[in-house]
Amino acid sequence: MNEKESKVFIFFSELLRRKLSDSQGKIIGKLVDLKVGLGELFPKVVCLCIKIKNNRQTFTLDWERVDKIEEEKLVLKPESASLLLPLEVGEKEILLREEMLDKQVVDTYGVRIERVNDLHLLIAGSELRLVHVDFGIRGILRRLGWVKSVDALTEWFFSYKIPQKLLSWKYIQPLSRHAGNQALKLNLTHRKLDEIHPSDLADLLEDLDKHERLAVFKSLGLEAAAETLEEVEPKLQRDLIETDTTERASDILEEMAPDEAADLLSELPPEKTEAMIQGMETTKRKELEGLLAHPEGTAGSIMTLDYIALKENETAEEALRRFKRSDYHSESSSYIYITDDQGKLKGVVTLRSLLICPSSTLLSTIMNRRVIKVKLEDKVEEVAEKFKKYNLLMVPVVDGEKKIKGVITFHDVVDSIFPDFEG
Amino acid sequence: MKKPLFPRSRWRSWLIFLALVGPGIITSNVDNDAGGITTYSLAGANFGYSLIWSLIPITFVLVLIQEMCARMGVVTGKGLSDLIREKFGVKVTFYLLFAVLLTNLGNIFGEFAGIASSLEIFGISRYVSVPLGALFVWLLVVKGTYKSVEKVFLVACLFYVTYIISGFMAKPQWSVVLSELSSPKIDFSIAPLGMLVGVIGTTIAPWMQFYLQAAVAEKNIKVRDYKYSKADVIVGSFVVNIVAFFIIVVCAATLYKNGIKIETAKDAALSLAPLAGKYCSALFAFGLLNASLFAASILPLSTAYTVCEGMGWENGVNKKFSEAPQFYGLYTLLIVLGAGIILLPKVPLISVMYISQIINGIVLPAILVFMLIIINDKKIMKNYTNDKLLNIVSWMACIILSGLSIFLVYSTVRSIF
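Residue numbers (our numbering), protein chains in the order written: chain E, 1 to 423; chain P, 424 to 840.
Keep in mind that the hints were calculated from the coordinates and are not lab data. Incorrect hints may appear among the rest.
[Stated by the list, open to error] Derived pair list, reagent style DSSO-like, types lysine-lysine, alpha-carbon separation capped at 30 Å: (1) P/K801 x E/K185; (2) E/K161 x P/K743; (3) E/K218 x E/K284.
[Unchecked claim] Chain E side only, calculated, beta carbon under 10 Å to chain P, not exhaustive: (4) S13; (5) Q104; (6) E114; (7) R115; (8) N117; (9) E206; (10) D207; (11) E212; (12) R213.
From the three backbone atoms N, C-alpha and C, an ideal C-beta is built for every residue, glycine too.
Please take these sequences and the hints and turn them into a complete structure.
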């Protein structure tokens with residue numbers, strides 16, 4: 001292909017089924033697929049997949065053996081016929097027709113699932129590289145063989161041409177999976193999927209079929225997986241976590257907010273819950289077991305342990321230090337709870353009052369003694385009533401001896417009252 | 424963590440069945456749509472009980488085909504048009520879906536015609552009933568959620584009982600019915616054979632395969648729960664044929680016995696009044712309305728889903744119009760066309776139905792062949808491909824159905840020219 005050294009684009013559908021001939025013009029077979037090595041920004045085509053007449057097997061030939069790309073056929077370099085090998089697809093390789101064309105892929109740029117109508121290839125010197133994916137109507141028309149007639153029609157009537165809808169390959173995550181572990185074949189070495197916002201990822205997952213969904217989920221990093229899991233609807237949550245390996249499931253649960261994790265676990269069969277909890281690190285496990293002990297629909301079952309509690313005789317300085325060390329969500333840290341030596345709830349201090357008082361102030365002097373609280377066994381609806389009545393952001397949960405056991409945030413209440421709320 | 428939070432009761436499996444039930448039963452009942460009721464009425468009125476035996480093999484084939492669809496839906500989690508696109512490419516898919524679109528449009532005409540004529544029996548003008556019907560259908564789908572809509576549909580299924588009641592009201596001679604049911608005979612002259620093909624064609628229609636599989640896939644059923652889906656499909660297939668049975672019985676016991684020839688389901692309902700009482704006639708008409716509305720709610724939606732899924736366009740009623748313009752465009756177009764054409768004066772409705780039946784006849788064998796190829800693909804179906812016996816039976820059914828379809832196409836074309 002050194003005759004021009006030109007950079008030319010070509011569509012995969014135009015190459016597909018072209019005849020392959022040797023230098024004398026004798027036809028060897030026809031092109032049925034191309035194999036591409038993943039990992040690069042614009043990956044190289046490594047092999048031609050060839051069908052030979054009267055032979056059911058598919059053979060491969062290195063792309064380097066292609067001498068010229070002509071209108072009707074591909075001309076191979078001399079002696080290519082003897083270099084044919086049976087088809088094998090490696091871990092980091094993908095077949096364009098088998099695994100890409102007409103299949104669904106994730107568009108990580110527009111954050112949606114698209115169906116591949118065609119693939120756009122770049123002829124660069126002696127190399128062929130995959131650069132774009134075609135999602136557009138034009139791709140469909142091209143494959144139906146209608147581009148010219150439809151163009152003529154729309155130009156005649158509206159002076160308009162249906163535009164190309166191409167997206168750079170770097171934003172594409174194919175949904176084809178490894179034969180063995182069913183994980184996705186990752187496009188780039190880093191995980192493009194992890195960069196998508198968890199809520200968007202949750203929507204994407206809901207658009208996929210169950211196998212693809214699981215494969216995408218398995219390909220996410222632990223943190224992204226945990227955040228996404230918090231966003232999907234409960235039924236899907238169960239399916240995803242149940243089908244993952246117990247070990248990874250435990251790791252993901254550790255990353256999740258404890259109350260969300262507890263909600264999820266309480267929906268699973270007991271033996272699975274047990275196995276997953278056993279796999280978690282001790283502190284997280286204790287926390288979860290505590291939460292799980294409360295019956296469904298009570299304050300205890302939706303509370304979290306993300307709160308700061310201090311003794312009456314501690315100072316504002318101490319409180320601020322504790323506050324700086326904590327990494328809770330902002331709404332969980334707007335209050336600091338004050339207890340006596342037995343852990344009984346005595347008062348509450350707002351973050352604001354901490355910031356404006358001298359650092360040596362005793363907490364007992366600035367705390368508000370009239371704390372609105374709920375009991376462990378209170379119904380979620382009663383909790384919601386209190387939130388409404390007192391305009392709360394967060395409420396502490398106490399046991400029969402008035403000892404603080406956890407907190408419920410506004411967010412937790414909304415989530416448990418509208419579990420199916422979408423949007 | 425000693426106590427299980429949700430102890431598994433013995434009702435568990437029953438609950439699973441109830442949760443998974445729906446697709447099969449709904450599909451089967453939509454199958455008894457305006458076209459279906461017309462065909463069964465004609466069969467009963469014009470040929471008496473002589474075709475009633477055919478419902479037994481039809482039930483068998485229906486179970487056979489629908490079971491495969493349900494299995495594909497459960498195993499792959501994908502719809503049929505999705506699988507066809509991935510396996511056979513865009514070209515085949517495009518032309519197939521175009522044909523499916525045309526035949527479904529023909530069916531949608533039929534449903535709106537059914538709404539118009541059933542309410543005309545009660546004295547309501549079609550210029551009132553059809554626009555209201557179209558609005559109802561459109562709102563139900565666009566404003567309702569999948570769960571609520573499914574419940575409405577399941578209730579609509581119950582109304583098919585009206586046909587069973589009217590079947591008893593017609594006071595047939597049950598001994599004759601039973602003996603005809605158990606003695607299959609084929610009359611090879613054109614008219615009864617054409618009727619037989621019509622009965623089969625209306626019971627086993629192309630759109631059902633797409634709708635059923637999509638609905639099953641949507642439910643996200645686990646492979647281990649597949650048996651419940653299968654039960655759903657089998658129950659549904661029996662229900663559809665039981666209703667068909669009673670419609671044939673009503674018409675045979677009254678109209679055929681008295682030598683009254685009819686051309687439409689409306690004729691049937693009207694002619695029933697003097698013979699079996701006005702309540703029987705009203706029940707028959709109400710059944711037709713229910714069936715037409717029900718099918719009119721499902722067909723446009725199912726068609727839009729099927730086409731958009733195959734072509735790779737965003738779909739689903741939970742998307743905004745701007746996100747899924749093709750989906751909403753197509754859906755609305757189908758309803759507007761379907762309802763609009765009925766309101767035009769002097770529509771050659773009969774020829775529209777004939778053309779739709781011809782396309783139906785061509786599309787069905789194609790879909791069956793695609794289905795059988797896909798369901799035997801190990802890469803797609805893993806360990807859930809057909810076994811040898813099932814393959815032999817289903818290929819035979821496929822060949823017989825194709826033969827009948829070709830016959831129907833041939834005879835319809837001949838009757839036009």
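Status of the hints after comparison with the structure:
Note on P/K801 and E/K185: the hinted pairing holds, with a Cα-Cα distance of about 21 Å set against a maximum of 30 Å. Our distance criterion of 30 Å between C-alpha atoms is met by E/K161 and P/K743, whose separation comes to about 26 Å. For the hint linking E/K218 to E/K284, the alpha-carbon distance of about 22 Å falls within 30 Å, and the restraint holds. Given the 10 Å rule on beta carbons, the hint for E/S13 holds: about 9 Å separates it from the nearest Cβ of chain P.
Here the hint on E/Q104 is kept, as its CB sits about 7 Å from the closest CB of chain P, short of 10 Å. A least Cβ separation of about 7 Å between E/E114 and chain P falls short of the 10 Å threshold, and the interface hint therefore holds. Interface hint status for E/R115: upheld, as the beta-carbon distance to the closest one in chain P is roughly 3 Å, under 10 Å. With a cut of 10 Å, the hint placing E/N117 at the interface with chain P holds, because the nearest CB-to-CB distance is about 7 Å.
Interface restraint check for E/E206: the shortest CB-CB distance to chain P comes to about 9 Å, inside 10 Å, so the restraint holds. Interface hint at E/D207: satisfied, since its Cβ lies 8 Å from the closest Cβ of chain P, which is below the 10 Å cut-off. Taken as an interface hint, E/E212 checks out: its beta carbon lies about 8 Å from the nearest beta carbon of chain P, inside 10 Å. Using the Cβ-Cβ criterion of 10 Å, the hint placing E/R213 at the interface with chain P is satisfied: the shortest such distance is roughly 8 Å.
Violated hints: none; the structure is consistent with every hint.
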